[in-house]
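Turn these sequences into a full structure, and let the hints guide you.
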Amino acid sequence: MFIKVKRAQFYTMAVVIIAIALISTSIIILGVRNNVKDVKVSEDIYFIFSNVKRETLERVELILANLTQADKSGTLTGYLEITQYYLDEWIECLRNEYENRGFKIDLSYNSDQISYTGYWTGNITASILRAIINVQIEDEDASIKQIVNATHIFRLYIGKVERVNGKLLVEVNFTKIVGYSNESSIDYATIYINDTLANYVGGGVYRAELAFTGSGTITIYVAATAPSGVFVEALETYSLE
Amino acid sequence: MLLLNRKAQYYAVDFIVASLIILGILSLVYTHYYISYDQDRAVYLSNLGYRCLNVLAESGELSKTVYNEDWETLSQLIDLTLPSNVYFSYYVYRWGSESWIRIVGPVGEDMPDNSLIVKVTYVLSGNYTDTSPRKIELYLWE
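Line order of the protein sequences matches chains A and B. Count the first sequence with numbering that gives the first Met the number 0 and you get residues 0 to 240, in order. Count the second sequence with numbering that gives the first Met the number 0 and you get residues 0 to 141, in order.
Incorrect hints may have been included.
Claimed, not checked - Derived BS3-like pairs: lysine-lysine, alpha-carbon spacing no greater than 27 Å straight-line:
1. A/Lys52 to A/Lys103
2. B/Lys63 to A/Lys52
3. B/Lys63 to B/Lys134
4. B/Lys63 to B/Lys118
5. B/Lys134 to B/Lys118
6. B/Lys118 to A/Lys103
7. A/Lys144 to A/Lys52
8. A/Lys144 to A/Lys103
9. B/Lys63 to A/Lys71
10. A/Lys103 to B/Lys134
11. A/Lys52 to B/Lys118
12. A/Lys159 to A/Lys71
13. A/Lys144 to B/Lys134
14. A/Lys52 to B/Lys134
15. A/Lys144 to B/Lys118
Rather than coming from a laboratory, the hints here were simulated on the basis of the structure. Quick caveat: nothing in here was measured; it's all calculated off a predicted structure.
Listed below in structure tokens is the structure:
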């Protein structure tokens with residue numbers, strides 16, 4: 000009898016101890032979990048690659064904007080040095096950001112493949128920066144590499160000049176072309192045609208109606224300012240009877 | 000009596016071993032459960048963060064608000080992009096030739112001490128008037 004009581008006490012004790020141990024473990028696990036500020040840094044290589052590629056293209060666009068402005072104001076001294084300066088700063092910044100986080104990043108370009116052209120006379124004007132940039136990002140699990148054609152072209156031309164109901168209807172086309180694929184996109188711009196703000200009608204076309212009732216010659220002057228800051232101008236003289 | 004003592008010792012050893020096994024298994028189950036739960040939530044939150052920054056970057060709003068230092072509009076845009084049960088806070092840095100210099104932050108909600116927080120970042124390449132890159136660090140939690 001005495002032995003049975005002892006055994007029963009022993010089992011009771013065992014159950015109590017197990018219960019206490021389980022409760023304590025749960026409290027400790029939850030307590031530790033809830034008292035630590037658990038900041039996870041998310042490292043998705045595909046997102047990073049897409050970010051780097053998109054912003055590298057944006058970087059080339061802003062270089063083109065700066066070159067265009069300097070060129071038009073007559074202060075452009077060396078497009079290659081300026082382009083390299085901006086690209087190198089960008090590459091250094093990305094290296095610092097991602098290599099500190101365990102990625103291997105390689106952004107490189109060949110300066111022989113960089114060229115800039117701007118032409119401003121006539122009814123078709125354009126500003127072009129050609130650049131090819133290698134982008135490679137690696138982590139422990141994946142490696143993504145792509146040769147990015149970062150060529151940017153801003154093109155503006157006077158498409159149509161017509162007399163309608165005693166007014167002069169002028170249409171201009173302003174587009175941005177990126178890369179080899181002639182991937183053309185509309186860069187929403189502010190466009191003035193002979194100082195009259197033109198309305199955007201779609202497909203990169205802007206339209207303005209000018210008050211002109213007489214005859215003779217008229218000079219159409221277009222100035223376009225894109226969000227990136229690129230501005231190009233087109234000029235055409237028409238004879239109207 | 001000796002036999003009984005021996006039996007008691009066996010029971011004791013049995014009990015200790017069984018307890019250790021049970022505790023071990025339970026700890027594993029708890030830990031595994033919380034790790035996978037945390038991983039799921041972290042992936043969910045980081046996907047939200049990526050999508051949010053991507054949408055704002057593609058539309059040009061991220062660059063516009065960051066370079067104009069319009070933190071109120073940026074906060075509103077982030078708030079609109081995220082679900083209502085997800086909270087955020089962000090920091091913005093400027094590239095200072097060799098390192099990042101903080102220009103604002105934290106902006107948004109106060110970060111809690113007892114929650115899973117996910118950080119996603121986006122690097123902006125500059126704009127026409129300011130060619131210095133910017134970095135936004137977005138912290139998300141539920």
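Cross-check of the supplied hints:
1. A/Lys52 to A/Lys103: holds, 15 Å
2. B/Lys63 to A/Lys52: holds, 19 Å
3. B/Lys63 to B/Lys134: holds, 13 Å
4. B/Lys63 to B/Lys118: Holds, at about 22 Å.
5. B/Lys134 to B/Lys118: holds, 13 Å
6. B/Lys118 to A/Lys103: Measuring from Cα to Cα gives roughly 20 Å; hence the hint holds.
7. A/Lys144 to A/Lys52: This hinted pair holds, its Cα atoms lying about 11 Å apart.
8. A/Lys144 to A/Lys103: holds, 11 Å
9. B/Lys63 to A/Lys71: holds, 25 Å
10. A/Lys103 to B/Lys134: With a Cα-Cα distance of about 19 Å, the restraint between lysine 103 of chain A and lysine 134 of chain B holds, given a limit of 27 Å.
11. A/Lys52 to B/Lys118: Within the cut-off at roughly 21 Å; holds.
12. A/Lys159 to A/Lys71: holds, 25 Å
13. A/Lys144 to B/Lys134: Answer holds: lysine 144 of chain A to lysine 134 of chain B is near 23 Å, not above 27 Å.
14. A/Lys52 to B/Lys134: holds, 15 Å
15. A/Lys144 to B/Lys118: holds, 25 Å
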